[in-house]
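Protein chains: 2
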Amino acid sequence: MGFQEREVISVLQQIFATTDSRLKVGIGDDAAVVSTQPQSIITSDMAVEDVHFKLEWSSPFDIGRKITAANIADILSMGGKCDYLTASVALTGNETLQWIENLARGMKHEADLAGSLIVGGDIARGPKIVISMTAVGSSLTPILRSGAKIGDGLFLSSLTGWSAAGLELLTREISINSETAEKALAEFSAPTLDYAIDFSAATAMADVSDSVLVQAEQIADASGVQIEIDQVAISLAAEFAELAALADELKVDIFQWILAGGEDHALLASGVNLPGIRIGSVIAGSGISGVDTKMTPVSWSHF
Amino acid sequence: MGFQEREVISVLQQIFATTDSRLKVGIGDDAAVVSTQPQSIITSDMAVEDVHFKLEWSSPFDIGRKITAANIADILSMGGKCDYLTASVALTGNETLQWIENLARGMKHEADLAGSLIVGGDIARGPKIVISMTAVGSSLTPILRSGAKIGDGLFLSSLTGWSAAGLELLTREISINSETAEKALAEFSAPTLDYAIDFSAATAMADVSDSVLVQAEQIADASGVQIEIDQVAISLAAEFAELAALADELKVDIFQWILAGGEDHALLASGVNLPGIRIGSVIAGSGISGVDTKMTPVSWSHF
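Keeping their order, the protein sequence lines are chains A and B.
The first sequence begins at 1 in this note's numbering and counts up one residue at a time.
The second sequence begins at 1 in this note's numbering and counts up one residue at a time.
Hints in this document: simulated from the structure, not taken from any laboratory.
Any given hint might turn out to be false.
[Said to hold, decoys possible] Now the stretches of chain A that chain B is said to cover, found in silico as 3 or more residues with beta-carbon under 8 Å:
#1 32 to 40
#2 79 to 92
[Unchecked claim] Below 20 Å or equal to it, Euclidean Cα-Cα: the simulated SDA-like pairs (lysine to any residue) are:
#3 A:Lys24 - B:Thr141
#4 B:Lys128 - A:Gly93
#5 A:Lys81 - B:Gln39
#6 B:Lys54 - A:Lys81
#7 B:Lys24 - B:Gln4
#8 A:Lys24 - B:Lys54
#9 B:Lys81 - B:Ala196
[As the list claims (entries may be wrong)] Now the in silico label distances, taken between C-beta atoms and shown as ranges:
#10 B:Asp221 - A:Val252: 55 to 65 Å
#11 A:Tyr195 - B:Val252: 51 to 61 Å
#12 A:Ile15 - B:His109: 30 to 40 Å
#13 B:Ile15 - A:Arg22: 32 to 42 Å
#14 A:Val51 - B:Leu55: 12 to 22 Å
#15 A:Ser21 - B:Trp57: 23 to 33 Å
#16 A:Asp221 - B:Leu97: 15 to 25 Å
#17 A:Asn94 - B:Ala245: 25 to 35 Å
#18 B:Thr96 - A:Gln231: 13 to 23 Å
Cβ coordinates follow ideal geometry from the N, Cα and C atoms, glycine included.
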């Protein structure tokens, strides 16, 4: 056992300390007290050791970044701003205090990028590390999955597939010494969220945590439209050639990564003249069209 | 594997369905959208199988009630109302759909008692069941631990010790066929929260999740006062004789249960003429007085 609970709490209080005026009462009482807008957006996401991350694949800093990004992405995908996060963590007791500290610093790093405060949480003992976070954000006009309209384009905030490429390298234990491979590994360990992209004019939006195909299908279903994916348009995206070279080297169909990969936490949005990469169109009908049947979404499932 | 993820989500959507106007967007999009007050209270609590609960000791309904009560109690102890809850659950895959349904029904039961809505969460696979909940409540004038004043009395919303008595029966595998023993077992499985008690005039308040002594010490430290516990006053409480009979039968010091037991989720408050059971006074000084040294809080630790 590398630490005492009291030490951990003391370190966390220091890491998450803030003078931000939104926080009225911070860590130390029964609950945190924060200022809120008339309408809040609430989401929770859980990550389990050896299911969502492996200790030999990712640093604690990156694990902290990734689960925090996953929560924040769900707020961004509603057109919201993420204000507050809580982090509950089951630890085995074999971690060092430094490992826990780096996990917390990864959370803080990603929270800072989003302008979010980590205001509370819990620590428990468990047989594996389990990290559960909840994000509370705000938006007066949330963007739902149900608003896509015929005539809209379908846009990605950035090219997906990088996380799947990184997972492929790790799973097949292939070591490639290139900037492209390093980028794929980095995106798998902790995806880069597109905080700068302006999708405020989107008619529908979702976070690409499962895969582009799964999330596009959810938008199509919720909106009562068909979404036509345009693989040629995707192949013109700036980073496509770079990722395609890696796919060729690994003898993988790049569209399997881009469309069915998941865990990139890019934003998928419908609308007119949105920024980002145009990857398709919203048309009359239902479901998804324009992709080969072999591209059928392999719906990712925990069980 | 007794269920498919899709089935579980469908059952949960039915159980947590609501027409409550506070909920703008419910389960099914990236996040929930709810109406909030200008000031929110946020707290998270995690429960791990074989650490916080055992499947052979508690029904899924009671496990759901208990973790929900633990979260709600932290909001009540700030003088707040619990509006929203999220529930993230790691499952081993060996549970039946009915087991999961009963867990969710237990959560819903307790949430209903508090007037709270379960608005989201996550399901993941894990080596043990881990339940993580987050509560979002509201109060314009939260009651902190730091407000106790010299001259205040110290009050409990109800007699503590029942949960510790239940744990003792289970740990020592003692079977006693009496209403008192049944009450102790029931309180351990799922504590009864005191939703009716009016502690709005309290100067300081905490939820008795660790123990009366631990929480009284936290109030004393935060408020810069001493808290004098009055064991004679406690012994005059209505349920004391009943619990004392069980303690005698098990040859346990009843004050060990009442003062150092924990997990009753009663409220501990300082103030003048509060309802509930008066168990002490706020005086000048620091720390706790009036209890034998053998009663020194055994600070409960996960590790």
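The hints, checked one at a time:
no., hint, result
1, 32 to 40, "holds (count 9)"
2, 79 to 92, "holds (count 8)"
3, A:Lys24 - B:Thr141, "holds (11 Å)"
4, B:Lys128 - A:Gly93, "holds (16 Å)"
5, A:Lys81 - B:Gln39, "holds (17 Å)"
6, B:Lys54 - A:Lys81, "violated (39 Å)"
7, B:Lys24 - B:Gln4, "violated (28 Å)"
8, A:Lys24 - B:Lys54, "violated (37 Å)"
9, B:Lys81 - B:Ala196, "holds (12 Å)"
10, B:Asp221 - A:Val252: 55 to 65 Å, "holds (59 Å)"
11, A:Tyr195 - B:Val252: 51 to 61 Å, "holds (57 Å)"
12, A:Ile15 - B:His109: 30 to 40 Å, "holds (37 Å)"
13, B:Ile15 - A:Arg22: 32 to 42 Å, "holds (33 Å)"
14, A:Val51 - B:Leu55: 12 to 22 Å, "holds (20 Å)"
15, A:Ser21 - B:Trp57: 23 to 33 Å, "violated (45 Å)"
16, A:Asp221 - B:Leu97: 15 to 25 Å, "holds (23 Å)"
17, A:Asn94 - B:Ala245: 25 to 35 Å, "violated (44 Å)"
18, B:Thr96 - A:Gln231: 13 to 23 Å, "violated (43 Å)"
Comparing the model with each numbered hint stated earlier shows that hints 6, 7, 8, 15, 17 and 18 do not hold.
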